[in-house]
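*Asks:* Okay, here's what each chain looks like letter by letter:
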Amino acid sequence: MSNLLQAFSKLSGFALFLLLEVICFALIIRFNSYQQQVALSSANKYMGNLSETADEFEDYLHLNEEVERLRAEVARLRTQEGNAMYRDLDTTYASFDTVAQHFIYIDADVVSKTFLGRRNFITLNRGKKHGVEPHMGVVDDQGIVGVVRSASNYHSRVMTIFHPDARISAKLKGTGLFGSLTWDPDEQDYFHMILQDIPTHHTPDIGDTVMTSGYSILFPPDIMIGKIDDITKKPGASSHFIQVKLTNDLRAIRYAYAIKNLMKNDLSELEEE
Amino acid sequence: MEGIVANVLRCVFFYLLQVLFLKRLSTGWEGFFYWNVLFYPLFILLLPFRTPRSLLLLIAFAFGLLIDMAYDSPGVHASALVFTAYMRDVIIKLDWMVPRDGYKITSTPTIRDLGLPWFLRYLSILLACHVVFYFTMEVFVPAQILEILQKSFFTYILSMVFILIYMLIFRPSQ
Chain S
1 MSNLLQAFSK
11 LSGFALFLLL
21 EVICFALIIR
31 FNSYQQQVAL
41 SSANKYMGNL
51 SETADEFEDY
61 LHLNEEVERL
71 RAEVARLRTQ
81 EGNAMYRDLD
91 TTYASFDTVA
101 QHFIYIDADV
111 VSKTFLGRRN
121 FITLNRGKKH
131 GVEPHMGVVD
141 DQGIVGVVRS
151 ASNYHSRVMT
161 IFHPDARISA
171 KLKGTGLFGS
181 LTWDPDEQDY
191 FHMILQDIPT
201 HHTPDIGDTV
211 MTSGYSILFP
221 PDIMIGKIDD
231 ITKKPGASSH
241 FIQVKLTNDL
251 RAIRYAYAIK
261 NLMKNDLSEL
271 EEE
Chain Y
1 MEGIVANVLR
11 CVFFYLLQVL
21 FLKRLSTGWE
31 GFFYWNVLFY
41 PLFILLLPFR
51 TPRSLLLLIA
61 FAFGLLIDMA
71 YDSPGVHASA
81 LVFTAYMRDV
91 IIKLDWMVPR
101 DGYKITSTPT
111 IRDLGLPWFL
121 RYLSILLACH
131 VVFYFTMEVF
141 VPAQILEILQ
151 KSFFTYILSM
161 VFILIYMLIF
171 RPSQ
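Protein chains in written order, with the numbering used here: chain S, 1 to 273; chain Y, 1 to 174.
Since the hints were made in silico from the structure, they are not lab data.
Every residue gets a Cβ at the ideal spot worked out from N, C-alpha and C, and that includes glycine.
Hints are supplied without guarantee of correctness; some may be wrong.
Said to hold, decoys possible - Derived Cβ-Cβ restraints for the label pairs, each shown as a range:
#	chain 1	residue 1	chain 2	residue 2	range
1	S	Tyr46	Y	Pro99	41 to 51 Å
2	Y	Pro99	S	Thr53	56 to 66 Å
3	S	Arg30	Y	Ala70	10 to 20 Å
4	S	Ala39	Y	Ala70	20 to 30 Å
5	Y	Leu9	S	Thr53	53 to 63 Å
Claimed, not checked - Anything over 10 Å on all C-beta distances counts as not near chain Y; from chain S, calculated:
#	residue
6	Val67
7	Ser150
8	Phe191
9	Thr209
Same shape as in the complex, but just chain S (with noise of 0.2 Å):
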């Protein structure tokens, strides 16, 4: 005891002050139950603050996955609708309907892109080891992106748009009239395309919806196109001549999928005959 004594006695005055009070501190916090529950939900308030923003944090490094992993389920769930079906009506004997997988969508990161100039190409980081092959649509989350031209076994080239040669079968919606959207290359307008062939009986207003028509084996009915920005019509044609404003900009895609037709062989043994 007395070498407790002459211990605490060469501590300074202010060190064993503070040894004291931390003692009757610990003693408080742990015998008091009123400034216990005070101190644990203090401890607590700071301890969540600090676990949420390391969780912050941490989902932030997570990022990247985390998107794969949604495109991935976009994608899943983009084979899953309607318009990505075929729809088998069996009228020999009772009505009863099949549904047959029509289209799926395979998710695909953009690599490489330029828009210079009259013919604009992307790459993806998909190809033929995934199931990309040439003639296949291509679309975005708000808009179509293009047709791929050719695919190597993990990679494909992607026309888009933005292409002389590219023909999209585009309608109205809510009516049945389609004709096919283009891009003039002359214009280097990567906002606008020009629906051609809407026969004139019909006008339709500014800000109507371009949908894809779905005759083509290239994209399933119903993808969101644009809208109608500007309707002219030139004397003597018989078809409006319609600048459409493109929902998606393609200049920043990141991601894009790939849209298989899986009755495309179906397709075309027909016009083999």
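Assemble the complex: chain S is given as a structure, and chain Y must be docked to it using the hints.
*Replies:* Just chain Y, lined up with the frame of chain S:
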């Protein structure tokens, strides 16, 4: 030796006074008033100047814990009393507290040795330290500063009255 005996007796007397009488007094008024007479710090205040600083702190700690046992609040009174004991050394060394010819080695911090004005300054500062520290520990939430100050104010006034009455009646010399 005489001084030690006197202080031990005073320690016992103050302890019993605080625990048996003043504690009941304050609980009887709970809900109406914040007052809560803290008389026992006077024991630390009256210890002689020659008490070594570390011994002073340890006595304060032990005495505080004894009070806490009765109040069932381990550490709350002890922490305040340790703080008061530490501040006692700081206060008596302040320039305007030291008497013109310094402290005598044998003197005690009492009215008889150093006069009423000196003792009033000494008591008012240290009691304020004690009371505010005590209620800070009791309320324990710094954000409730208003409650701390309110409780401190009433307790301070009442404790001051009790201690001064004691000092003027008994005029302790050791």
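*Asks:* Do the Cβ positions of Ala39/S and Ala70/Y conform to the proposed distance bound of 20 to 30 Å?
*Replies:* holds, 23 Å
*Asks:* In terms of Cβ atoms, is chain Y entirely out of 10 Å range of Thr209/S?
*Replies:* holds, 57 Å
*Asks:* Verify the CB-CB distance for Leu9/Y and Thr53/S against the hinted window 53 to 63 Å.
*Replies:* Distance hint for Leu9/Y, Thr53/S holds at roughly 59 Å.
*Asks:* Against chain Y, does Val67/S hold up as non-interface, every C-beta pair farther apart than 10 Å?
*Replies:* Fine: 42 Å to the nearest Cβ keeps Val67/S off the interface.
*Asks:* Minimum C-beta separation from Ser150/S to chain Y exceeding 10 Å: can you confirm that?
*Replies:* With a cut-off of 10 Å, Ser150/S remains clear of chain Y, as the shortest Cβ separation is near 69 Å.
*Asks:* Please check whether Tyr46/S and Pro99/Y have a Cβ separation lying inside 41 to 51 Å.
*Replies:* The hinted range 41 to 51 Å holds for Tyr46/S and Pro99/Y, with Cβ atoms some 48 Å apart.
*Asks:* Is 56 to 66 Å respected by the C-beta to C-beta distance linking Pro99/Y and Thr53/S?
*Replies:* Between Pro99/Y and Thr53/S, where Cβ atoms are some 57 Å apart, the hint holds.
*Asks:* Would you say Phe191/S is clear of chain Y, with no C-beta pair closer than or equal to 10 Å?
*Replies:* Non-interface label stands for Phe191/S: nearest chain Y Cβ at 56 Å, farther than 10 Å.
*Asks:* Holds or violated: the 10 to 20 Å window for the beta-carbon distance between Arg30/S and Ala70/Y?
*Replies:* Given a distance of about 18 Å, which is inside 10 to 20 Å, the answer is holds.
Figure legend: structure checked against the earlier numbered hints; every hint is met.
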